[in-house]
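Colleague: Numbering (this note's numbering), first residue to last: 1 to 416.
Calculated from the structure, these hints are not laboratory results.
Honestly, I wouldn't trust all of these hints.
[What the hints assert, rightly or not] Within a straight-line C-alpha distance of at most 27 Å, the following computed DSSO-like cross-link-like pairs (lysine-lysine) qualify:
#1 Lys175 with Lys82
#2 Lys194 with Lys243
#3 Lys232 with Lys160
#4 Lys244 with Lys233
#5 Lys232 with Lys244
#6 Lys310 with Lys244
#7 Lys310 with Lys173
#8 Lys60 with Lys194
#9 Lys173 with Lys160
#10 Lys244 with Lys173
#11 Lys194 with Lys160
#12 Lys194 with Lys302
#13 Lys233 with Lys173
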Amino acid sequence: MRLWPARVTVPSGRTSWEGYTTATRAAAAGGITTIVDMPLNSIPSTTTLDAFRTKLDAAKNQCFVDVAFWGGIVPGNAEELKPMLNAGVVGFKCFLIHSGVDDFPHVEQADLETALKTLQGTDATVLFHAEMDCACNGSKGNPEEYRTFLESRPAVMEEKAIDLVCEMCLKYKVKCHIVHLSAASALPSIVAAKEKGAPLTVETCHHYLSLNAETVPNGNTLYKCCPPIREKKNQDLLWDGLKKGYIDMVVSDHSPCTPDLKLLDKGDFMAAWGGVASVQFGLSLFWTNCRNYGMNLFDMVKLMCENTAKLASLSHRKGAIRAGYDADFVIWDPDVPFEVSKCFITHNVLFYIYPSSLAKGFRSTLLPINPWRISLRKLGDVVALSSEQFELRPLHIYILIELTNRYYTHYGINTT
């Protein structure tokens, strides 16, 4: 068995698509004790201080894990950014291409420069959906064939957007972050910008690391996401980027929707809504695959705990098992396989696009000792869940491990 600092991840979703109750419950089931909510796919989008306050009210008494929030950057809202930052958002997200949501329009370079000037001197991070329109992103071909959709979102769309992000990051020295990198061909630009001193980070996602275009069935629009799942050769290059430290973290980008928006009856990749639900399964998916690429538990902790906490400005209390930090843990067995079925899915929409036999260290062996906060009230066999703030002390780590060992010994569970 393994005692592991619980993860921080970055999902999003509307109530009918995914509410706070179902999303945070799924996060807890997957070993995540903190999620950071995206500013769109909610009504209203979180682009003003008033909208942020509305979202806070909506989240009250709905969450099984800790929740932080991103604000949004859209044309004309630069004056709202610092008030939102002062009210508690941990950073801001923007799109360099149409977001698919009318009340969250994408920014042009002029909008972006205005926002970055406003945020200079703050510790805010700006997140980028890094795709830009180009002349080559037509939609010719059979819309039921995945290849048609893939060719409509070529890697050059990411490359073009990431070149702009790198330029702006170097110019304004505001922390910038590229979300859900799919095109490994953009990594050289990212590496070059970092070497020049850009405060730049980048993530990729479980679906890009676990799935590839060659295995996506035609007509199965559950696999549609933007940027798209690319070829196996590209996937291997993403793993290489992780191993070399070019990619800073791995996140869920949890973005489900209702079944009707996926147009499953038509199988139309061009018209269906894009997004993948992964928040409950990321731990198992990444662990199952990372060993095939020569990575280990220490790499997982860095990519899925430490660096994600830093991104969300939570590294002073989350992302590590350390004195004074929040007592967020997950205990799991990395060697036991688990077959995924719908009865174990706790997020709102019961879609699962990964091979059911893929996962190891899954829910049957996950013991979320603290999906809220752990409170060790006394020495002995009492581990009580509490919603109160609880800071970790060295003695608590010893007690927790001792109680865990007693638990598994009592029930005859092999922990070797």
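Colleague: Now look at each hint and say whether the structure bears it out.
Modeller: So, going through the hints one by one against the coordinates:
About 15 Å separates the Cα atoms of Lys175 and Lys82, which keeps this hinted pair within 27 Å; it holds. With a C-alpha separation of about 17 Å, the suggested pairing of Lys194 with Lys243 holds against the 27 Å cut-off. A C-alpha spacing of about 22 Å is found between Lys232 and Lys160, which places the hinted pair at or below 27 Å, so the restraint holds. For the given pair, Lys244 sits about 17 Å from Lys233 by alpha-carbon distance, which is consistent with the 27 Å threshold.
About 18 Å separates the Cα atoms of Lys232 and Lys244, which keeps this hinted pair within 27 Å; it holds. Among the hinted pairs, Lys310 with Lys244 is consistent with the structure: their alpha-carbon atoms are about 19 Å apart, no more than 27 Å. Proximity of Lys310 to Lys173 is assessed by CA-CA distance (about 17 Å); at most 27 Å being required, the pair is judged to hold. A C-alpha spacing of about 39 Å is found between Lys60 and Lys194, which places the hinted pair above 27 Å, so the restraint is violated.
Taking the CA atoms of Lys173 and Lys160, the gap is near 20 Å; set against the 27 Å cutoff, the hint holds. For a cut-off of 27 Å, the pair hint linking Lys244 to Lys173 stands: about 24 Å separates their Cα positions. With a C-alpha separation of about 17 Å, the suggested pair Lys194 and Lys160 falls inside the 27 Å cut-off, and the hint holds. Among the hinted pairs, Lys194 with Lys302 is consistent with the structure: their alpha-carbon atoms are about 18 Å apart, no more than 27 Å.
Using a Cα cut-off of 27 Å, the hinted pair Lys233 and Lys173 is violated, with the two alpha carbons roughly 33 Å apart.
Violation of the numbered hints given earlier is confined to hints 8, 13; the remaining hints are satisfied by the structure.
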